[in-house]
Structures are given as C-alpha cells and as structure tokens.
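Student: Using the hints, build the complex out of the two chains.
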Amino acid sequence: MDTAIGYGFGVRCDTASEPTLVSVHGELDAHTSREVLARVTERLAEAEGCVDLDLSAVTFLDSGGLRALALLAALGSGRRGGLRLVDPSAPVRRVLALAGQSHRFTVAP
Amino acid sequence: MNIPSLAQTDSVAERPRSEPSPPEGDVVAITLPARLDRVRLLRLVAAGLGVDADLGVADVEDLRSGVDELSCLLFAAARPGSLARLRFTVADGVVAFRATVERRPGAPIEPDEVSRLVLDAVTDGYAIEASAEELQVELVRRRRSGAPQEPGE
Numbered sequence: 001m002d003t004a005i006g007y008g009f010g011v012r013c014d015t016a017s018e019p020t021l022v023s024v025h026g027e028l029d030a031h032t033s034r035e036v037l038a039r040v041t042e043r044l045a046e047a048e049g050c051v052d053l054d055l056s057a058v059t060f061l062d063s064g065g066l067r068a069l070a071l072l073a074a075l076g077s078g079r080r081g082g083l084r085l086v087d088p089s090a091p092v093r094r095v096l097a098l099a100g101q102s103h104r105f106t107v108a109p
Numbered sequence: 110m111n112i113p114s115l116a117q118t119d120s121v122a123e124r125p126r127s128e129p130s131p132p133e134g135d136v137v138a139i140t141l142p143a144r145l146d147r148v149r150l151l152r153l154v155a156a157g158l159g160v161d162a163d164l165g166v167a168d169v170e171d172l173r174s175g176v177d178e179l180s181c182l183l184f185a186a187a188r189p190g191s192l193a194r195l196r197f198t199v200a201d202g203v204v205a206f207r208a209t210v211e212r213r214p215g216a217p218i219e220p221d222e223v224s225r226l227v228l229d230a231v232t233d234g235y236a237i238e239a240s241a242e243e244l245q246v247e248l249v250r251r252r253r254s255g256a257p258q259e260p261g262e
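Protein chains in written order, with the numbering used here: chain V, 1 to 109; chain W, 110 to 262.
One chain only, chain W, in its complex shape (with noise of 0.2 Å):
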C-alpha cells in the first residue's frame, strides 16, 4: 500500500510570517531526553508559561501546537539517547521558545507540508537551523486573540 501523501490540501489562508525575535523576560530552561513521548511535557509547560504569559485561550492552543511540531521534528532528528536543551523565555503577550539537539549522523530536518502549514498559522515566527552536529529550532507566538478572562468572568 502506498503512504498517501499529504501535500494536496484544502485551501488555507495564508498568514504573514515574521521571524522569530526572543523578547526580554523570565527564561524557563528545561533539559530532557529528545524523545517523543516527552513531547507532551513540553505541550505543559509550554500552555502553562503561555497563561502567565497572559495570552488568550486560542493564543494558548496555538504556542502549544507550535511547540509540539517543532519539538517532533527536533527529536526525530535527534542522536538516539541525547538530552534536548530547551529554552522558554516569557513576557507580557509573548512566549519565545527555543530547543538544541545534537544532531543523528545525516538526519533530515524538513517539515513536510502539513508540518509547515501548522507552524505558520500557530507561530508568529520560527526558524530551523541545522549544522553537521546540532540542530536548533525556534519560534515566537505573540498575543492575538482578545485580552485574558479574568477569574469569574
């Protein structure tokens, strides 16, 4: 049987990408294995630096989604049994993340189409770096959606 490939897609509106600018803030740095059944951790921490973040609830879903694409793609190419270093910095409206890898011997590091046409409608920005040894990936989500609910509303 054939994969089906998933490069024929609805239409999608595009959106305006910028790259990825970290701000000044608290910096969370988390190492862990680069696997993939710890990519849910990261979906944590990430939502939770995203509400004190003070970003909406829509805001939220979309850092975590961008974290999860972008951590999967890192571990993938990850040398198996290595520690992923992962950097969140957080400020009003904004959450930067960044994650290091070192690099499995020839592994690709592409998003497909899919992979791409989440990360740009969830980020505001994000870049993927690779060199012979290491692979780094980042991205920036800003506040979009309305200001937060306060408690009771």
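Here chain V stands alone, though its shape is the one from the complex (with noise of 0.2 Å):
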C-alpha cells in the first residue's frame, strides 16, 4: 500500500513480508514525517512482531523529520519487536551524528 503526497516522497507498507517492512522515500521533514509517524503507528499498533522502516532512500532528514523518528522509536519500545531502522542513507546518518542522537535507534544490520 503506497502513500504519496507529491514531490517525489512517498511511504510503502508491505504487510505481507516479515517482519513488516515500511519504506520511506523522498525528502523527511517536519512537513511529511506527519504520514510517516501515521504509517507507522497504525503497522506498530498491528503488527505482530518487529516493524522495519526502510531509509535507504530518504534523501533529506531535517529535526522535524528526526522528531517523528524519536517518536516512533518510543512508541516501538513499549511493544514485543519494536522498530528498526534499516539501511539508513548518508542523509539520514549525516543529521543523526549532527544532532547526536544515532544511540537512540536501533539500526538493522
């Protein structure tokens, strides 16, 4: 199931894969991480185990973005599995070392 809100970013939620696999593309920012923290919500709210949010093609994350990611870091802690962030980009890696906040996630190998 895709969402796209225009400007080349979107959100992909695979259900089917295992554990749950949410993609994000584009550029992450305080505007359109207010999907991806929906998204991802409802897939941590019904998912089973582990739930997977895919960076490898956010092209730009920015504090609002790292916010929305905090947020659902928290809110997977409380539950069996929580959220992994997989294959984060330079972009990504880039602002989590600036704003020092790269112990905060836990990063699928």
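Don't take each hint at face value.
Derived Cβ-Cβ restraints for the label pairs, each shown as a range [said to hold, decoys possible]:
(1) V:R79 to W:V136: 51 to 57 Å
(2) V:E18 to W:V137: 47 to 53 Å
(3) V:A57 to W:D135: 33 to 39 Å
(4) V:A108 to W:G190: 39 to 45 Å
(5) W:D201 to V:T41: 46 to 52 Å
(6) W:S191 to V:R12: 31 to 37 Å
(7) W:I139 to V:S56: 30 to 36 Å
(8) W:I139 to V:G49: 43 to 49 Å
(9) V:S102 to W:A138: 35 to 41 Å
(10) W:A138 to V:T41: 36 to 42 Å
(11) W:P142 to V:S77: 45 to 51 Å
(12) W:A156 to V:R12: 37 to 43 Å
So these bits of chain V aren't anywhere near chain W, every CB distance computed over 12 Å [claimed, not checked]:
(13) T15
(14) A38
(15) V86
If you are wondering where the hints come from, they were derived from the structure by calculation, not from laboratory data.
We treat Cβ as the ideally placed atom computed from N, Cα and C, and that holds for glycine.
Tutor: Structure, rendered in structure tokens:
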C-alpha cells in the first residue's frame, strides 16, 4: 500500500513481509513526517513482531523528521519487537550524527 | 505515552560560531505563504544559490539544512495565512539568508536542543529576533570544503 503526498515523497507498507516493512522515499521533513508518523504508528499497532523502517531512499532529513523517528522509536520500545531503522541513507546518518541522536535507534544490520 | 525528549544527545563536537554578517552580493528576494509545505521550495532555492556561490557539495547540504531548520521554526510561529518575506544574498563563497514573518500572538520561537545542534553545525552563524508583532531569522554559510569540482571531474 503506497501513500504519496507529492514532490517525490512517499511511504510504502509491505504487511506481507516478515517483519513488517515500511519504506520511505524522498525528503523527510517537518511537513512530510506527519505521514510517516501516521503510517508507522498504524503498523506498530497491528504488527505481531518487529517493524522495519527502510530509510535507504530518504534524500533529506531535518530535526522535524528526526523528532518523528524518535517518537516512533519510543512507541516501538513499549512493544515486542520494536522498531528498527533499516539501511539509513547518508543524509539520515549525517543528521543523526550532527544532532547526536544515533544512540536512540536500533539499526538493522 | 510520553513524547521523548531529544535533550539527551551523543557526544557532539562543538564548532565555533560567529554572528551572521550579510555579504555584499546579488540579492534574491522571495515572498511565499508561511507554511511548512513551502519549506521544500526554499531548500531548492538555497541549494541552487549555494552552487551559484561556488560552495562545495557538503557546504550546499549544510546550507539546505540551515535554511530548512530556521524556516520551519519561523513558519511554525507565523500568523496563519500570512506571508513570509525571504531574502538570500549571494557572493563568491558565501550565502546569507534572512526571513521575516508576522508573529502569531504569543507564539514561542526557540529552537530545541536538536535544532540548535544542527544549526550550530551547519551554519557559520545564525540569529533569531522576536518582537510582539514580527519574527526574523538569519544565517550565513561560507565555503568550508574544498574548491568546487569542475564539470567533468
């Protein structure tokens, strides 16, 4: 199931995969992060186990997007499996490092 | 559920900052709705002007991040339905950005810890000024990385 809100940004959910996989592509900022927050919160509530959030195609991240990721990580920590970031792109890793927030997330190998 | 505080950070190296001082150069002025969905357009403009100023690739990324952080902060505190007035000044090796909006009554304009860390890292100085009616932000970004690549390199 895909959601696109323009400018090449989109969220794709693969509920058939194990673990559940949510992929984000495009620029994850204070505006577009609302969609990610809604979609991943939904998956966290419904998935039996871990939810993987694929960030390999994220081309930009700002502190608004980072806040959304931190909120989702906190939501995931209260349930079995939790939330893992998968293959964060260079722009994501850059902002995690600049903001000193890498410790907050589980990154899948 | 408690919303997590982002105050706890990894160890991050501090970078000395200077106050923004706008360069002499070409001015690009833009007026647009002070809404978060318009910030992407500003990132595009910032990137284009960073290239025009012969900033390096990493410098342009930093400029995009700085303009984004300050614009999001500003637009979140703007009066709904109002316009933002934005001004880029471009010279060799430097881009300055200034933006002004009408203030939503009582709206706070204070970057959180994460925003501050990002702004400290990606700008060569930024400032936030607030009065009862108006809010203004500005930043300067200078070339730090090596000389820009020539076409074909």
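Student: Honestly, which of those hints from before does the structure not fit?
Tutor: Hints 11 and 12 contradicted; others consistent.
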